[in-house]
Amino acid sequence: MDVSRAINGTARRTRFRPGAEARCRAGIAMRLLAGVGGGYAVAALFTMALSIGLPMPRAEAVLTATMASFAIYAAAIVWAFAAPGVLRAWAGMAAQAALLLLALFLLEGYLP
Amino acid sequence: MKDGFRQSMAWLHTWAGLLVGWVLFAVFLTGTAAYLRPEISYWMRPELALSRPGPENAAVAVAAMQAMAPDSPSWFITLPNERETVTRVFWRDPKAQGRRFRDAVLDADTGQPVAARETLGGDFFYVFHFQLHYVGVLWGRWIVSICTMFMLVAIVSGIITHRRIFADFFTFRPGKGQRSWLDGHNVCSVLALPYHLMITYTGLVLFMLMVMPWGIDRAYPGQRAAFNTEAFGNAPPRQRAGTPAPLAAVTPLMEEARQRWQGGRVGRVIVQNPGDAHATIQLIRAESERLSYNQQSLTFDGTTGALIHDSGDSGAAAEVRGVMYGLHIGRFAGPLLRGLFLLSGLAGTAMVATGCILWATKQRQQAARRGAAGFGTRLVEHLNIAAIAGLPLAMAAFFWANRVLPQGLAQRGAWEAHVFFIAWGLCLLHPLLRRGRRAWVEQFAAGALGFALLPVLNALFTTQHLPATLARGDWVRVWFDLGLLGCGALLGLLAWKVARHRPSAPLPRPAAVLALRSLAEAAP
Numbered sequence: 001m002d003v004s005r006a007i008n009g010t011a012r013r014t015r016f017r018p019g020a021e022a023r024c025r026a027g028i029a030m031r032l033l034a035g036v037g038g039g040y041a042v043a044a045l046f047t048m049a050l051s052i053g054l055p056m057p058r059a060e061a062v063l064t065a066t067m068a069s070f071a072i073y074a075a076a077i078v079w080a081f082a083a084p085g086v087l088r089a090w091a092g093m094a095a096q097a098a099l100l101l102l103a104l105f106l107l108e109g110y111l112p
Numbered sequence: 113m114k115d116g117f118r119q120s121m122a123w124l125h126t127w128a129g130l131l132v133g134w135v136l137f138a139v140f141l142t143g144t145a146a147y148l149r150p151e152i153s154y155w156m157r158p159e160l161a162l163s164r165p166g167p168e169n170a171a172v173a174v175a176a177m178q179a180m181a182p183d184s185p186s187w188f189i190t191l192p193n194e195r196e197t198v199t200r201v202f203w204r205d206p207k208a209q210g211r212r213f214r215d216a217v218l219d220a221d222t223g224q225p226v227a228a229r230e231t232l233g234g235d236f237f238y239v240f241h242f243q244l245h246y247v248g249v250l251w252g253r254w255i256v257s258i259c260t261m262f263m264l265v266a267i268v269s270g271i272i273t274h275r276r277i278f279a280d281f282f283t284f285r286p287g288k289g290q291r292s293w294l295d296g297h298n299v300c301s302v303l304a305l306p307y308h309l310m311i312t313y314t315g316l317v318l319f320m321l322m323v324m325p326w327g328i329d330r331a332y333p334g335q336r337a338a339f340n341t342e343a344f345g346n347a348p349p350r351q352r353a354g355t356p357a358p359l360a361a362v363t364p365l366m367e368e369a370r371q372r373w374q375g376g377r378v379g380r381v382i383v384q385n386p387g388d389a390h391a392t393i394q395l396i397r398a399e400s401e402r403l404s405y406n407q408q409s410l411t412f413d414g415t416t417g418a419l420i421h422d423s424g425d426s427g428a429a430a431e432v433r434g435v436m437y438g439l440h441i442g443r444f445a446g447p448l449l450r451g452l453f454l455l456s457g458l459a460g461t462a463m464v465a466t467g468c469i470l471w472a473t474k475q476r477q478q479a480a481r482r483g484a485a486g487f488g489t490r491l492v493e494h495l496n497i498a499a500i501a502g503l504p505l506a507m508a509a510f511f512w513a514n515r516v517l518p519q520g521l522a523q524r525g526a527w528e529a530h531v532f533f534i535a536w537g538l539c540l541l542h543p544l545l546r547r548g549r550r551a552w553v554e555q556f557a558a559g560a561l562g563f564a565l566l567p568v569l570n571a572l573f574t575t576q577h578l579p580a581t582l583a584r585g586d587w588v589r590v591w592f593d594l595g596l597l598g599c600g601a602l603l604g605l606l607a608w609k610v611a612r613h614r615p616s617a618p619l620p621r622p623a624a625v626l627a628l629r630s631l632a633e634a635a636p
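Residue numbers (this note's numbering), protein chains in the order written: chain A, 1 to 112; chain B, 113 to 636.
FYI, nobody ran anything at the bench for these hints, they're computed from the structure.
Quick list of the computed label-pair ranges, beta carbon to beta carbon:
#1 I534/B with L101/A: 46 to 54 angstroms
#2 V568/B with G37/A: 50 to 58 angstroms
#3 R88/A with A338/B: 36 to 44 angstroms
#4 R23/A with I271/B: 25 to 33 angstroms
#5 L101/A with I271/B: 29 to 37 angstroms
#6 R88/A with M322/B: 29 to 37 angstroms
#7 H613/B with R88/A: 43 to 51 angstroms
#8 R212/B with G37/A: 30 to 38 angstroms
Covered, in the sense of this in silico footprint (three residues per stretch, anywhere, with C-beta under 8 angstroms from a C-beta of chain A), are these stretches of chain B:
#9 313-324
#10 334-347
#11 432-439
For every residue, glycine included, the Cβ atom is placed at its ideal position computed from N, Cα and C.
Put together the whole structure using the sequences plus the hints.
See below:
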């Protein structure tokens with residue numbers, strides 16, 4: 001599993017550690033979850049925020065946001081696998097989601 | 113760090129591509145066939161004669177609908193054009209349970225239902241490539257959309273992985289086993305990269321409101337009709353009045369549309385509430401005249417014939433979406449551009465196929481070093497054969513079924529599709545009996561034979577054989593028969609190549625590391 005190691009950002013010596021393989025797999029699963037699940041959440045929040053926030057007619061904003069959402073989703077998945085560590089991948093995703101959520105709340109006027 | 117990044121992307125590329133590779137292969141190949149949807153439909157109805165579209169087609173079709181479905185709340189009429197010589201209609205049936213729509217194919221000149229065999233025609237490949245078969249409309253669309261998302265990720269990570277994107281454009285080293293597969297994969301991918309990106313992204317955009325409904329649900333909670341009116345300039349629907357009134361004549365409206373569009377042609381006619389005082393007649397401009405798929409339409413009052421709504425120009429974002437839609441289905445393209453779209457679609461098909469084979473080849477070489485191939489490797493090899501060699505064979509079987517199945521068979525159109533899947537299912541079982549290269553050669557050869565014999569079959573079962581169509585100047589049928597021979601030749605060539613192929617020895621390690629760093633290190 002050469003690449004699982006690369007994916008998890010751990011050094012070459014892990015090969016001989018017991019349980020390394022299981023940790024690799026767990027790391028990949030976590031990244032997969034961050035990319036597919038977290039990425040979709042980020043893309044969905046992005047679409048919502050832009051749909052009501054873009055300074056253009058409502059229908060145009062919805063179309064623009066939704067068309068762009070797949071680029072965001074793809075970028076999020078790439079990020080989940082490119083981040084140097086699993087924690088970083090999750091942290092990045094969570095930070096994005098939090099920012100977008102905040103923007104959404106501001107746009108809808110829930111916060112002062 | 114930099115290498116780690118590239119390796120992660122290579123890993124992502126490999127798995128995103130491999131996991132759904134077989135679905136993507138099928139979607140690409142049937143989608144490519146869908147570029148020829150009207151031609152396939154025409155070929156599959158040998159009873160149809162060549163006819164020319166005329167100005168009276170719309171009036172004839174409306175009269176036919178008045179006789180056939182006077183109680184229906186809406187009629188949808190697709191007029192004949194230079195690629196399709198029949199009028200296709202479907203309508204909402206107020207009495208029907210379950211499937212609410214009924215459809216028919218009409219003779220453009222008489223309005224009579226054409227006496228043609230019951231067949232799905234080119235619609236089968238077209239519909240299969242975005243919603244599969246047997247699984248239900250929504251399930252199919254979701255599955256294909258998810259696989260398309262995998263494809264987008266595979267393309268993006270593939271581009272990142274790929275350092276020498278322009279050098280590889282000119283690099284092909286045949287006869288070198290795994291390296292040749294890698295080169296082949298790169299050439300197919302890079303050659304038509306803009307096309308692959310375009311077709312994948314626009315494919316996602318087609319179903320974006322299903323896959324990513326959050327924006328529209330937020331901005332238009334429960335008001336999709338309002339969105340359609342605002343975004344695409346559709347006329348708001350009119351309520352039924354309940355008082356009967358005769359329908360206005362359609363021919364003067366066609367003339368008015370022609371003048372307003374500076375000679376543009378009407379492609380479709382939609383009549384709402386025919387026979388009611390609140391009827392509307394909507395004329396939609398032909399798709400072949402515009403790149404954008406956004407409908408340019410005029411809506412008339414159905415009793416007085418007065419213009420009540422002009423779709424006008426849509427906003428920038430709506431136009432972008434329309435252009436994406438139009439690019440994806442490619443109906444604006446003339447013969448030359450359509451040919452290029454076809455070739456690019458085939459390149460995409462080859463890209464997916466070589467990618468899947470590359471993975472298996474790589475695993476095989478590792479297995480040769482290690483001793484035995486694992487279950488995963490054998491599974492991938494098996495599915496590769498069934499998908500890549502089996503699908504063309506199944507397509508040939510579909511065409512065979514169209515010619516051979518008895519005319520009176522109940523549900524004949526559905527049976528054509530069943531034959532397609534039975535043939536494909538047999539291709540899935542066949543590699544259990546005949547392993548490895550044998551299975552490849554036999555399925556390719558069977559597919560080649562299937563396609564090459566189709567023109568012969570055509571001569572045996574119909575009067576539309578090659579000499580006759582040549583003499584009559586029915587060029588669509590002539591080209592189609594020649595194209596079938598071409599498909600047979602291509603599959604035959606593949607069979608011959610695989611049969612002659614001698615597996616090369618595993619590459620010496622240092623060379624492998626240098627040449628294949630990007631992908632070879634990728635697969636776990």
